[in-house]
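Modelling step: build the complete structure from the supplied sequences, incorporating the hints.
Those protein sequences? They're chains Z and S, same order as listed. Residue numbering for the first sequence follows full-length UniProt numbering, beginning at 1 and increasing consecutively. Residue numbering for the second sequence follows full-length UniProt numbering, beginning at 1 and increasing consecutively.
Everything labelled a hint here was simulated from the structure, so no lab data went into it. The structure displayed is predicted, hence computed values, not measured ones. Where hints are given, some of them may not hold.
Identical copies look the same in the list; a pair holds intra-copy or inter-copy alike.
Once the Cα atoms are required to be at most 25 Å apart in a straight line, the calculated SDA-like pairs of lysine to any residue come out as [claimed, not checked]:
{"id": "1", "residue 1": "K72", "residue 2": "N107"}
{"id": "2", "residue 1": "K78", "residue 2": "V17"}
{"id": "3", "residue 1": "K114", "residue 2": "I87"}
{"id": "4", "residue 1": "K72", "residue 2": "V88"}
{"id": "5", "residue 1": "K78", "residue 2": "L6"}
{"id": "6", "residue 1": "K5", "residue 2": "L54"}
{"id": "7", "residue 1": "K78", "residue 2": "D13"}
There are 2 protein chains.
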Amino acid sequence: MDDFKLDRRLESDSDAVMRTGLCELRLSKDARWPWLILVPRRADITEIFELTPLDQVMLTFETDMVASALKKITGATKINIGALGNIVRQLHVHVIARFDGDANWPNPVWGFGKAEPYVADKRDAFIETLREALSS
Amino acid sequence: MDDFKLDRRLESDSDAVMRTGLCELRLSKDARWPWLILVPRRADITEIFELTPLDQVMLTFETDMVASALKKITGATKINIGALGNIVRQLHVHVIARFDGDANWPNPVWGFGKAEPYVADKRDAFIETLREALSS
Chain Z
1 MDDFKLDRRL ESDSDAVMRT GLCELRLSKD ARWPWLILVP RRADITEIFE
51 LTPLDQVMLT FETDMVASAL KKITGATKIN IGALGNIVRQ LHVHVIARFD
101 GDANWPNPVW GFGKAEPYVA DKRDAFIETL REALSS
Chain S
1 MDDFKLDRRL ESDSDAVMRT GLCELRLSKD ARWPWLILVP RRADITEIFE
51 LTPLDQVMLT FETDMVASAL KKITGATKIN IGALGNIVRQ LHVHVIARFD
101 GDANWPNPVW GFGKAEPYVA DKRDAFIETL REALSS
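Written out as structure tokens, the structure reads:
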């Protein structure tokens, strides 16, 4: 666990929100969708099935917690959850709020178009709302 | 559980492989990628966080079992796991074997191009190999 080091691309493409039990929770810098990323603090893990069973259960419950908070605060049509890792191999789980008619709806967000930056105030307010939802 | 009825689109787009503890395991009819789908046998569930905690753990372990078997029998570069449901709302989890240079690599499979049908013999052989891997 001490050997864990966040992948550089994940670090540059997202902002820290909080640490959950197993994971670092981060917000994608792409403002087109409310897009969270959970990164288990385990070194050299690429696939979910490489985690211990206990870590898998932790990841499941942390994903659950984040997905239901995201649904609640955004009123999303659908939450999209994905662990792809075709580009960044460090295990990370995407939790994204999707809305009927959003960019690339109903297709996936990954690999679509160009990221749009957040306005800093809006990003900070969203992170604050999210932290509150996760601690209530 | 008795009220569960497989969504018609999932039924027409995939073939039955086996029943796992919680889920129906199915093979997508799109031969471009080895593409499995787990459908929890629970009525009226759209999001993973709507499942009970026990069912979430079951789904996690069945996904783990299927993903590691798929990796083993295909030698995939990366397993992609996703629960999107933007089109078909009945909860289902995709487990897909991806290869460097495959159709749409490194982007997602969903919404890309047109499905290519399996040759029946090849599909049956793959299902057989998968069943064996899952029971060993």
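Against the structure, the hints:
1. K72 <-> N107: within (22 Å within a copy, 29 Å between copies)
2. K78 <-> V17: within (22 Å within a copy, 27 Å between copies)
3. K114 <-> I87: This pair counts as both: shortest intra-copy Cα distance 16 Å, inter-copy 23 Å.
4. K72 <-> V88: Between copies only: 21 Å across chains, 29 Å inside a chain, cut-off 25 Å.
5. K78 <-> L6: between (28 Å within a copy, 19 Å between copies)
6. K5 <-> L54: Within one copy, since 21 Å is at most 25 Å while 31 Å is not.
7. K78 <-> D13: both (23 Å within a copy, 21 Å between copies)
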